[in-house]
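**Student:** In case you want the letters, here they are:
2 protein chains.
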Amino acid sequence: MNILIKDTLAILYENGGYITKRTNICIKDKIIYAIGDIPEDFTPDEIIDGKNYLASTGLINCHTHSYMSLYRNFADDLSFDDWLFGKIDPLENRTTPDDAYWGAVLSCAEMIKTGTTTFTDMHMFKNMTAKAADDCGMRAVISRGLCGEDESGGGARRLDEAFEEIENFKDNDRISFMLAPHAIYTCNTEYLKKIIGLAIGENLPLNIHLSETRYEVSQALEKYNMTPTKYLDSLGFFEQKTLAAHCVHLSDEDMEILKRNNVSVAANPISNLKLGNGVAPVPKLLDMGVNICIGTDSAASNNSLNLFRDMNFTALIHKGVNEKAQCVSAEDVYRFATVNGAKALSLDDTGELKVGKKADIILLDLNSPSLNPHNNLVSALSYSANGSETDTVIIDGKIVMRKKELLTIDEEKLYFNVNKIMERLSK
Amino acid sequence: MNILIKDTLAILYENGGYITKRTNICIKDKIIYAIGDIPEDFTPDEIIDGKNYLASTGLINCHTHSYMSLYRNFADDLSFDDWLFGKIDPLENRTTPDDAYWGAVLSCAEMIKTGTTTFTDMHMFKNMTAKAADDCGMRAVISRGLCGEDESGGGARRLDEAFEEIENFKDNDRISFMLAPHAIYTCNTEYLKKIIGLAIGENLPLNIHLSETRYEVSQALEKYNMTPTKYLDSLGFFEQKTLAAHCVHLSDEDMEILKRNNVSVAANPISNLKLGNGVAPVPKLLDMGVNICIGTDSAASNNSLNLFRDMNFTALIHKGVNEKAQCVSAEDVYRFATVNGAKALSLDDTGELKVGKKADIILLDLNSPSLNPHNNLVSALSYSANGSETDTVIIDGKIVMRKKELLTIDEEKLYFNVNKIMERLSK
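In order, the protein sequences belong to chains A and B. Add 141 to the 1-based position in the first sequence for the working numbering, that's all there is to it. Add 141 to the 1-based position in the second sequence for the working numbering, that's all there is to it.
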């Protein structure tokens, strides 16, 4: 289908910076075919009047566990151990694949409504997460969380599952995969080496939780006499393209290793605050030129998958903690949440409003208090927007939300189902 | 007019904690007349079906400068001096009272849309701010910012203006007043003493910016050999009821002084981060039993007046900075944003969903992703809501927003005006 977004205000990247410009956007099938004058050979099937919209490339959520939205607001204000072992784990052990599907649909509903068009998801129930993303029309990069600490065989089974899932969705061009050893404290050295070998052999990028807590670092120093980053580097982990989530507690040498190996870092500011883990050294990584992107983490530790909130936190928290108002600009944050995310996920054909890229586009209602006056609309996205300005969402050239109504999700059924599921799980 | 909110889920305070309960809320004229069974003598003029709503008392924004929403996203990522003297001051000097009115209406639009029913406003153009609040149907506590550093007479003029404004709105029971010496660094000792005397004589509460920046503290130590708090205490400032905004840089003795004098502290987490001022010692003040409330500050340093965002930050930032997930709970934050705010503003008849209190009520759409599943809806308000869940707002018994449509503000005209104003001011 061809869509014309006519006479819209668009955020474009020109001459090394973001600008807003009134223009037309022509979408042909899945691709941005033209921006500016409407080509003579372009006949739209649908015309969207863009006059009152701000068009942006869709946001990219670079770390989440989407089925866990079932557990939103279930366990708050607790220590990490009480949160995980006392509250979340028992729920998780009772969660069925069908429950997980509805949790993932809930996440997709929240992400679409708040302007996210692509997400990456790590953990369990990956067939169900991939199916939810596909049914909701989202773009997703999926990875089965791989744990293998002992000889019990669980690690091998999980790897088998990961490859089955990859096989199941191999013909779906909105769903791609990474291999995700969960963390160094849930994978032994042998298992990590096996995964690295498979990743290189199958040319699959790697995704891992890294230096999320002080405890992870102190454990690694005790066990390996190395930081988690240095330990992974010693195994050759970073020879394969890697997305590392969290990276809160990094030494200067760790940062050098990440930079040298072109590792992308997914900052998860809200989750790191909520669980009392601290604040990642984003300004330093930014100065070094590391590819930084943003993740929400799950709704069990956020408690939302609204990336605009994490953009707000990313723009603000480093200024306050470092007592320096000039670090991490609005434009930096917008880049983290869009094109940097695409790079991190090896999706080079999205993340920018540019001819030839995939048509993953959000239209924000310019008649929203948070966007007025229109003094600086890139600043508005990082600083004042709350996500609810999102009016229309196009993913892969298909309209999945129009005038704030989800077209791929039955919301009434969704809310009925997730509440029924949690009534059962929390009994 | 009598309004019945029928069969709604309501956040009520019972047995020392917040609970949610399905119930009816009867509003008679401006007052909550009954919660629970509908009294026989109550005849509603309007019935709102509450089935899909979460009813809460409205939020209270305890520090802002509402006309400054004109400058939203105009000056970001700058040092405090470049921000204030390079960008904001020149705009402010060109701003007319009529411009300020539209800036304040923009703030009211954003506040109502995101569930705030009461705000307090300090700075200039107070006739216009009070008029905007009144026209929009909001409850507001207004205070002319009083500066008097020298003998030029400006301080006396500002005091005259303050009392004129009080006189102008003396018959309006939604608009009340405080006296607001701007800060210790913009008022000399004599002027402060004069204001304290007038405040005591007229029985007007006091409102002041306090210990917002490290520079303010170091200046006070140099000039008075005392911290700002100790200096004000030495003048007898706190003998009158006081709301102190910011309080980022407090010594242990300062906190003791604030507690001993029942000073309310308005935390402004986002503004303090954005301007690189730091993080207020909220957990310590909370442990001491200080009455903490929350302010957005202006949209020039936030960049939004959506109090849900500041609730999110308040619930999260102290956990991260102190690396302690158990400090400042969801329930604490909800209390800060409601009943504590009412106490701080001497509005003892609002801030709670309780029989006999003013009918300042917000209805949130339960069919929002951020509120689902309904695992813990008080947590939801502090952690996952972004404000856009607000569907219906009742202030002083009058419906000012219904089904997300503002009934007291012409939004099209508002956005046209504020953009036209900023085009002129920023030339």
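Honestly, the hints are just simulated from the structure, not real lab data. The model shown is predicted, which means the values in this text are computed figures rather than measured ones. There could be a bad hint or two in this list.
The list treats identical chains as one, so a pair stands whether inside a single copy or across any two.
[To be verified] Calculated lysine-lysine pairs in the DSS-like style (CA-CA distance at most 30 Å, straight line):
no.	residue 1	residue 2
1	K568	K382
2	K561	K544
3	K364	K425
4	K545	K192
5	K162	K484
6	K465	K425
7	K334	K544
8	K568	K498
9	K544	K162
10	K568	K335
11	K495	K400
12	K228	K544
13	K311	K162
**Student:** Which of the stated hints cannot be reconciled with the structure, identified by number in ascending sequence?
**Tutor:** 1, 7, 8, 10, 12, 13
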